[in-house]
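Modelling step: build the complete structure from the supplied sequences, incorporating the hints.
Here is how the chains run, residue by residue.
2 protein chains.
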Amino acid sequence: MSTEQELKLFYDTLSELYRLECIAALLGWDQQVYMPANAAKGRAGQAEYIARLLHQKMTDPKFAQTVDHLYEQIDTLSDADRVNVREIKRMLDIQRKLPEDFVSEMTRVETMAYSEWVKARRANDFDAIKPLLKKLVELCRKKCDLIGYKEHPYDALLDLYDPGSTLSFVKPLLLNLAGQLRDIIPPISKNFEAQKPLCGRYDISVQDKLCRRVAQDMGFDFQSGRFDTTPHPFMTTIGPSDLRITTRYDESDFIFSLYSTIHETGHALYEQGLPTEWAGTPMGSAVSLSIHESQSRMWENLIGRSKAFCIYLSKVVKEFFPDESMDADKLWNVVNRVGPSLIRTEADEVTYSQHIVIRMLLEEQLITGELTVSDLPGAWNDMYENYLGIRPTDYKDGVMQDVHWYSGSIGYFPTYALGNLYNAMMMEAAKTDMPDMADKIERGEFGDMLDWLRGKVHKRGMQLRGRELIRDITGRDLSAQPFVDYLKRKFLAE
Amino acid sequence: MSTEQELKLFYDTLSELYRLECIAALLGWDQQVYMPANAAKGRAGQAEYIARLLHQKMTDPKFAQTVDHLYEQIDTLSDADRVNVREIKRMLDIQRKLPEDFVSEMTRVETMAYSEWVKARRANDFDAIKPLLKKLVELCRKKCDLIGYKEHPYDALLDLYDPGSTLSFVKPLLLNLAGQLRDIIPPISKNFEAQKPLCGRYDISVQDKLCRRVAQDMGFDFQSGRFDTTPHPFMTTIGPSDLRITTRYDESDFIFSLYSTIHETGHALYEQGLPTEWAGTPMGSAVSLSIHESQSRMWENLIGRSKAFCIYLSKVVKEFFPDESMDADKLWNVVNRVGPSLIRTEADEVTYSQHIVIRMLLEEQLITGELTVSDLPGAWNDMYENYLGIRPTDYKDGVMQDVHWYSGSIGYFPTYALGNLYNAMMMEAAKTDMPDMADKIERGEFGDMLDWLRGKVHKRGMQLRGRELIRDITGRDLSAQPFVDYLKRKFLAE
Chain B
1 MSTEQELKLF YDTLSELYRL ECIAALLGWD QQVYMPANAA KGRAGQAEYI ARLLHQKMTD
61 PKFAQTVDHL YEQIDTLSDA DRVNVREIKR MLDIQRKLPE DFVSEMTRVE TMAYSEWVKA
121 RRANDFDAIK PLLKKLVELC RKKCDLIGYK EHPYDALLDL YDPGSTLSFV KPLLLNLAGQ
181 LRDIIPPISK NFEAQKPLCG RYDISVQDKL CRRVAQDMGF DFQSGRFDTT PHPFMTTIGP
241 SDLRITTRYD ESDFIFSLYS TIHETGHALY EQGLPTEWAG TPMGSAVSLS IHESQSRMWE
301 NLIGRSKAFC IYLSKVVKEF FPDESMDADK LWNVVNRVGP SLIRTEADEV TYSQHIVIRM
361 LLEEQLITGE LTVSDLPGAW NDMYENYLGI RPTDYKDGVM QDVHWYSGSI GYFPTYALGN
421 LYNAMMMEAA KTDMPDMADK IERGEFGDML DWLRGKVHKR GMQLRGRELI RDITGRDLSA
481 QPFVDYLKRK FLAE
Chain D
1 MSTEQELKLF YDTLSELYRL ECIAALLGWD QQVYMPANAA KGRAGQAEYI ARLLHQKMTD
61 PKFAQTVDHL YEQIDTLSDA DRVNVREIKR MLDIQRKLPE DFVSEMTRVE TMAYSEWVKA
121 RRANDFDAIK PLLKKLVELC RKKCDLIGYK EHPYDALLDL YDPGSTLSFV KPLLLNLAGQ
181 LRDIIPPISK NFEAQKPLCG RYDISVQDKL CRRVAQDMGF DFQSGRFDTT PHPFMTTIGP
241 SDLRITTRYD ESDFIFSLYS TIHETGHALY EQGLPTEWAG TPMGSAVSLS IHESQSRMWE
301 NLIGRSKAFC IYLSKVVKEF FPDESMDADK LWNVVNRVGP SLIRTEADEV TYSQHIVIRM
361 LLEEQLITGE LTVSDLPGAW NDMYENYLGI RPTDYKDGVM QDVHWYSGSI GYFPTYALGN
421 LYNAMMMEAA KTDMPDMADK IERGEFGDML DWLRGKVHKR GMQLRGRELI RDITGRDLSA
481 QPFVDYLKRK FLAE
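Chains as they are written, first to last, in the working numbering: chain B, 1 to 494; chain D, 1 to 494.
Treat the hints with caution; some may be incorrect.
DSS-like mimics (lysine-lysine), calculated; alpha carbons at most 27 Å apart, straight line [claimed, not checked]:
no. : chain 1 : residue 1 : chain 2 : residue 2
1   : B       : Lys-41    : D       : Lys-57
2   : D       : Lys-57    : B       : Lys-57
3   : D       : Lys-209   : B       : Lys-119
4   : D       : Lys-440   : D       : Lys-490
5   : D       : Lys-459   : B       : Lys-41
6   : D       : Lys-41    : B       : Lys-57
7   : D       : Lys-135   : D       : Lys-41
8   : D       : Lys-209   : B       : Lys-209
9   : D       : Lys-318   : D       : Lys-330
10  : D       : Lys-57    : B       : Lys-62
11  : D       : Lys-62    : B       : Lys-62
12  : B       : Lys-459   : D       : Lys-41
13  : D       : Lys-190   : D       : Lys-89
14  : D       : Lys-62    : B       : Lys-57
15  : B       : Lys-209   : D       : Lys-119
16  : D       : Lys-130   : D       : Lys-142
17  : D       : Lys-8     : B       : Lys-41
18  : B       : Lys-8     : D       : Lys-41
19  : B       : Lys-57    : D       : Lys-8
20  : D       : Lys-396   : D       : Lys-130
21  : D       : Lys-431   : D       : Lys-330
22  : D       : Lys-307   : D       : Lys-490
23  : D       : Lys-57    : B       : Lys-8
24  : D       : Lys-89    : D       : Lys-142
Between beta-carbon pairs, the in silico distance windows are [to be verified]:
no. : chain 1 : residue 1 : chain 2 : residue 2 : range
25  : B       : Glu-370   : D       : Gln-5     : 44 to 50 Å
26  : D       : Tyr-11    : B       : Asp-394   : 41 to 47 Å
27  : D       : Asp-221   : B       : Asp-183   : 52 to 58 Å
28  : D       : Asp-68    : B       : Lys-41    : 31 to 37 Å
29  : B       : Tyr-11    : D       : Lys-209   : 48 to 54 Å
30  : B       : Arg-248   : D       : Thr-3     : 53 to 59 Å
31  : B       : Arg-201   : D       : Asp-329   : 40 to 46 Å
32  : D       : Thr-3     : B       : Lys-41    : 52 to 58 Å
33  : D       : Thr-230   : B       : Glu-494   : 43 to 49 Å
34  : D       : Arg-182   : B       : Arg-201   : 58 to 64 Å
35  : D       : Thr-3     : B       : Thr-372   : 47 to 53 Å
36  : B       : Tyr-149   : D       : Tyr-11    : 38 to 44 Å
37  : B       : Arg-248   : D       : Asp-75    : 43 to 49 Å
If you're looking for bench data, these hints aren't it; they were derived computationally from the structure.
Please read all numbers here as calculations on a predicted model, not as lab measurements.
From the three backbone atoms N, C-alpha and C, an ideal C-beta is built for every residue, glycine too.
Structure representation (C-alpha cells):
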C-alpha cells in the first residue's frame, strides 16, 4: 500500500471507531439518565458487545500494521497526520496489551456495578456493592499488569486519563499542594464561619431555566446539546454535535445545580470548540482529562466564583427569583463559602483538592494491594479526619459518594486536582492578554474569554500534551504555586 | 458440524443480532425523544453503521449456510427450534436479497428524513421534505424488486410487517370493511353531533400521573419500562426488560394522552408477556405488526372505550382531577365521540379504518408508479373527501401527519386496520371464556383479561402466523364481519 492508501485506511477506521464510541457513549448516557432498573443486565450485554467490537476494530491486524507502518515514517507526514498517528499508535499499543475477553469482562462488570452502586448507595449499603467493587479493583490491578509500567503499577492507569503522567510526578506535586492547603484552610474557613448555605425554596423548574440561561450566556449551543437530571452530574459526547450535560437539583439551594451546570458547561464548551473537521481523530479530541477539567473548573471557579461573575449573576438571579435579594457581595460570599465538608462535588475550591489527594492515596494502596476493599471504608474515614478534620458517619456520604470506582475508573481522580493547577496558570495568562476581562464578565460578555480558550486550548486538539500545552501558553512548567497564590490572593488578600 | 453445533452457532448469532437490534432501537428512540437537532447527521451515520452490521451478521455465509442446513432438516428439530429456524430462514431469505449498500443507504436516508420531516411538518412545508420522500419511495420500489413478489410489488413490503399477507387478500378485505363503514359512519356520527370534545385546563404533570396510574392498573411494569413525551407517540423495545412508551399532551384535553397511553401500553403488555427465556428469537417475538396492533387496539378500544372501563375510569379521573364532574355515561360519550376527522391518531374507532384504507390505496399507487410524490398531496385530499367527506386545508393535518412514509415505512399502515379485525374476533372469544369480564373491568381488575391474552397470544411468540392464530383462538377465518358487527352493536344497538 502507498502512504496515501494507508492514510485512507487509517482515517476510515478512525471514523468507524468514532461511530462505535458515540454509540457506546449513548448506551452509557441512557443507562445513567433514563434506563429502567430491570434493563441493567441487557444493557451490560449491549455495552460489552460494543466494547468488544471497538477493541476488535482497534486491534485488527491490518489496521494495527498500518498504524505501525505509518508511525515508522511519521516524520514524513503532515503536521495533522503526525499528531493523529502518534496518538493512535499510543492508544493502539495500550489496546493491544488488553485481550478481548478482558475488555469485555471489564465492560460488563462496570455496567452491572454502576446499577448496583445506584441502589446500594441509596440504601447506604456498602456490603451490597463490596463483591463487585472487589472484582473491579482486581480487574484494574490486572489491567496494570497487562498494560505494563516502568515505575509503579498505578502509572498504567494514570496514563489512561492523563497521557504521560506518572505517580512519581503527580504524587509529590499533589502532596505539596495538600501541605500548603492544610495551612490556609483554617484561616480561610474562619472567615466564612458566619456564612450559612442557602436555605430557601427555589422551584426546580425555575432553577432549570436559570441554569439554561447561564449556559447559553456562556456560549452553550442547545441545538447541539441538551440538559438532563441525574444523581451524579456529568457531561458526555454522543457525537460531533451532541453534547449532553446532566445536573441535579436541591430545592432549598439553587447554587448547587447552577455551579454544577457551569462546571459541565465548561466541559461542553471545550468539546464544542474542538475542530469539527477533525471529529473522531486526536486532532479533534481533548488533550487529557486534566485539561478537560481545567476548562470546567476555569468556568466554575476562576470565572464563576469571581467578583465580576457575581455582579453578572446577581442580576440574572433576580430575573428568575425576584424575591431573592442578594447583591453581588452577598452572592460572592454564598458561592465562595469555604470549609471542610464530606462531599467532593459540593466542596469549595480551597478544600476540593484535599478530596482528590485522599482518593489518590487510597487508589495507590488499592492498586499495590496494601489496602483491601473491606478495609477501604475505615481508611477513607481516617483520611478525611487527617486531611479535612471531619469524619463521615455513613457510607453514602463517605466511600460510596462517587461513581468512579464503581464504574471501574481508578486513576481518574488526580485529573481533577491537576485541572485546578492548570486553570490557575491559564487564568494568569488570560488576564495578561485581556486586561479588561473582568469588566466584560461583569456584563455577562463571555465571548472574549471563550475565544481565548478556543485559540489557546480547544482548537488545538491533541497537538500538545498537557504539560507541553501549559508551557506553550504560559512559558512556565506545571506547578502548584500559581493555584495556591491565586487562593491566597483571593481569600487572604495576600 | 453436528446439528447440536449448528444450533449453538444459530442461537449465538441470534443473541448477537438481538443485541444489535436493541442498540438500533435505542439510537432510534433517542433520536425521536431527546437527541438535539444538529446531531441528526451524526446519528444517521451511527444508525447506518449498526444497520450494516446487522445485515452483515445476518447474511454472514457461515450463519446463512447453517440456517439453510437446519431448515433442510427442520422436521427433526424440537417444536421451539422448528419455529425459530422457520422464521429466521424467512428473514434471512429477505435479507439476502438486499445488498449491504442498499440497506445502509436506506437506513441513512430514513434517519435523515425523520429529522427533516419533524422540521418540515412544523413549518407545514411539504416542498422541503419532497426530495427526501421521493428518494424514499424510490428506495421502497427498489426494495420490492430486490425482495421479489409473486403477484404485486406491494406484497414484498406488506409481507415485512404482516408475514404472509398479500394485496390480493388485504385489499378486498379492507375495501369490504370500508364499504360497510361508509354506510354506518353517518348514522353513528349523527348521535354524537351534540357531543363536544373536552376543553378544560388539565395540568400536564397531573395528566402524566393519571396516564401512569392507568398503565400500572393495566399491568405495565415501570421497573422494566418508562414513559416519555414525543410529537408522535410510539412504543419501542430496547431490551428484554426495557419497554419505552411515549405520548403527547394537550392541556385542554386529557383524553388524548390517556388513550394514546392505553394504546401504547397495550403494545408494551404484549412485549412484556412474550416468553423472556426466548428473548431475541422468534419464539420470544411478536407474530406480526397486525397482531401487535390487535393488542394495542384491544386495550384502547374494545376494553378502553367500553361502558365497564368508563365506570372504572370515571373514578380514577376523579382522583386526579377532582373538579372534573364526569360520570361514567358522560365519559363514555366523550371517549366514544364518532365523526369524520383529519388526523388518524385522533380518529374514533369507527372512522379510523378509513384513514388506513386511504393510505393503503395511495401506497399501492406510489409503489406501482401510478402516483408521483408531487401529486401525492392532491390525491390525499381527494381520498379524504371521498372516504370521509372532509378535505385537509394544510399539509400538516394532511399528507404530512404521519411519520411512517418519512421514515421509509410503506406497507405498514394496513396492519392497523387488520389489528381492528383481529381484536374484534379475539374479544368475542374472550367474552365467551370469561362471562364476568365486564364486572372485573368496572372494578379496574384487568388481571384476568391480561392473563387470557398472555395465554392465547403473548406466550406463544411466533409459533403461529396471524391468520393461523385467530383460527386457533376462534375457530374462524379472519374477516371484517365481527368488527363491523361489534360497531353496530355498540353504536347502533343492533
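Self-check item: Numbers of the earlier hints that this structure fails to satisfy, in rising order
Solution: The structure conflicts with hints 13, 32, 33 and 37, although it agrees with all the remaining ones.
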